[in-house]
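**Q** The residues making up each chain are set out below.
Protein chains: 2
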Amino acid sequence: MAPDPTDLLEIALAEARTGLDEGGIPIGAALFTADGTLLGRGHNRRVQDDDPSMHAETAAFRAAGRQRDYRSTVMVTTLSPCWYCSGLVRQFGIGAVVIGEARTFSGGHDWLAEHGVTITLLDDERCAALMTDFIAARPELWYEDIGGVPA
Amino acid sequence: MAPDPTDLLEIALAEARTGLDEGGIPIGAALFTADGTLLGRGHNRRVQDDDPSMHAETAAFRAAGRQRDYRSTVMVTTLSPCWYCSGLVRQFGIGAVVIGEARTFSGGHDWLAEHGVTITLLDDERCAALMTDFIAARPELWYEDIGGVPA
Numbered sequence: 001m002a003p004d005p006t007d008l009l010e011i012a013l014a015e016a017r018t019g020l021d022e023g024g025i026p027i028g029a030a031l032f033t034a035d036g037t038l039l040g041r042g043h044n045r046r047v048q049d050d051d052p053s054m055h056a057e058t059a060a061f062r063a064a065g066r067q068r069d070y071r072s073t074v075m076v077t078t079l080s081p082c083w084y085c086s087g088l089v090r091q092f093g094i095g096a097v098v099i100g101e102a103r104t105f106s107g108g109h110d111w112l113a114e115h116g117v118t119i120t121l122l123d124d125e126r127c128a129a130l131m132t133d134f135i136a137a138r139p140e141l142w143y144e145d146i147g148g149v150p151a
Numbered sequence: 001m002a003p004d005p006t007d008l009l010e011i012a013l014a015e016a017r018t019g020l021d022e023g024g025i026p027i028g029a030a031l032f033t034a035d036g037t038l039l040g041r042g043h044n045r046r047v048q049d050d051d052p053s054m055h056a057e058t059a060a061f062r063a064a065g066r067q068r069d070y071r072s073t074v075m076v077t078t079l080s081p082c083w084y085c086s087g088l089v090r091q092f093g094i095g096a097v098v099i100g101e102a103r104t105f106s107g108g109h110d111w112l113a114e115h116g117v118t119i120t121l122l123d124d125e126r127c128a129a130l131m132t133d134f135i136a137a138r139p140e141l142w143y144e145d146i147g148g149v150p151a
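Those protein sequence lines, which keep their order, are chains A and B.
Read left to right, the first sequence gives residues 1 to 151 (the UniProt record's numbering).
Read left to right, the second sequence gives residues 1 to 151 (the UniProt record's numbering).
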């Protein structure tokens, strides 16, 4: 039976909170099979590892290890995937993306939908509050993470 | 003075050859400042690290560390960037991409051009030969790396 997207989001949200507790950017993600088996989970590691390449989705993708076929997998993320992470989803043919919220940032999820990816946007208050508070507290870190250059 | 793109390609090509010598997928990349100062270099590490998230471009991006502004940087890669790596370029606002070849694989470089990225396609014989030989020798590894599922 297909899992409830809100249940899958709990894992990504727990990752986001772990990232915040570590002093990092609070975005979490997890990759699941279609039946809800966890393949990999992770969170943004820019601060923790000084690694700009580890967004939440790439961290979860890395943690899942080498896979032959992503078509039936589901990427769950607390925040709308940026272009980098949207490109990951498209290139590897990840079949579905579950998104906690897209209020504080909107990346490439409409583009992914146009290319056949099943998008579920949950508009979760807890995910939105995490990012709203973080952006207010650490705007320079947030803009660094998305390559934004505030005027 | 702006560097010659063919000189920059030598660094990426050396990375690709190192990857091949290590038993990996022979794709290399390097990130430079506009004046040709090297910020980071790397190669595909799927086999070496069992890490599907480390394409050549993401490896070079990681090696360059945290940067505040990528607009004047140049990503040089031996092969047309896949959607994952094209998304990286777009999200972080990397200003230019120099590509060794796009004969054996064509990713998102036209899309990047449409979004204002300066694209230089060199059509280098050595880069094309590296990938042609590799794809013939290890097709399963190559398709795994781009999320392709051969029929």
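What the hints contain is simulated information worked out from the structure, not anything from laboratory work.
Incorrect hints may have been included.
[Stated by the list, open to error] To give an idea of the chain A side of the interface with chain B (calculated C-beta under 8 Å), a few residues: (1) Ser53; (2) Gly65; (3) Tyr70; (4) Arg90; (5) Arg103; (6) Phe105; (7) Glu125.
[Claimed, not checked] Some chain B residues close to chain A (C-beta under 8 Å, calculated; not the full set): (8) Asp51; (9) Arg68; (10) Thr118; (11) Ile146.
[As the list claims (entries may be wrong)] Residues of chain B clear of chain A, computed beta-carbon distances all greater than 12 Å: (12) Gly23; (13) Leu38; (14) Ala63; (15) Ile119.
Virtual Cβ for every residue (Gly too), placed ideally from N, Cα, C.
**Q** Confirm or reject each hint.
**A** Right, here's what the structure says about each hint:
no. : hint   : in the structure
1   : Ser53  : holds (4 Å)
2   : Gly65  : holds (6 Å)
3   : Tyr70  : holds (6 Å)
4   : Arg90  : holds (4 Å)
5   : Arg103 : violated (19 Å)
6   : Phe105 : violated (11 Å)
7   : Glu125 : violated (26 Å)
8   : Asp51  : holds (6 Å)
9   : Arg68  : holds (6 Å)
10  : Thr118 : violated (16 Å)
11  : Ile146 : holds (7 Å)
12  : Gly23  : holds (14 Å)
13  : Leu38  : holds (17 Å)
14  : Ala63  : violated (9 Å)
15  : Ile119 : holds (16 Å)
Violated hints for the displayed structure, listed by number in ascending order: 5, 6, 7, 10, 14.
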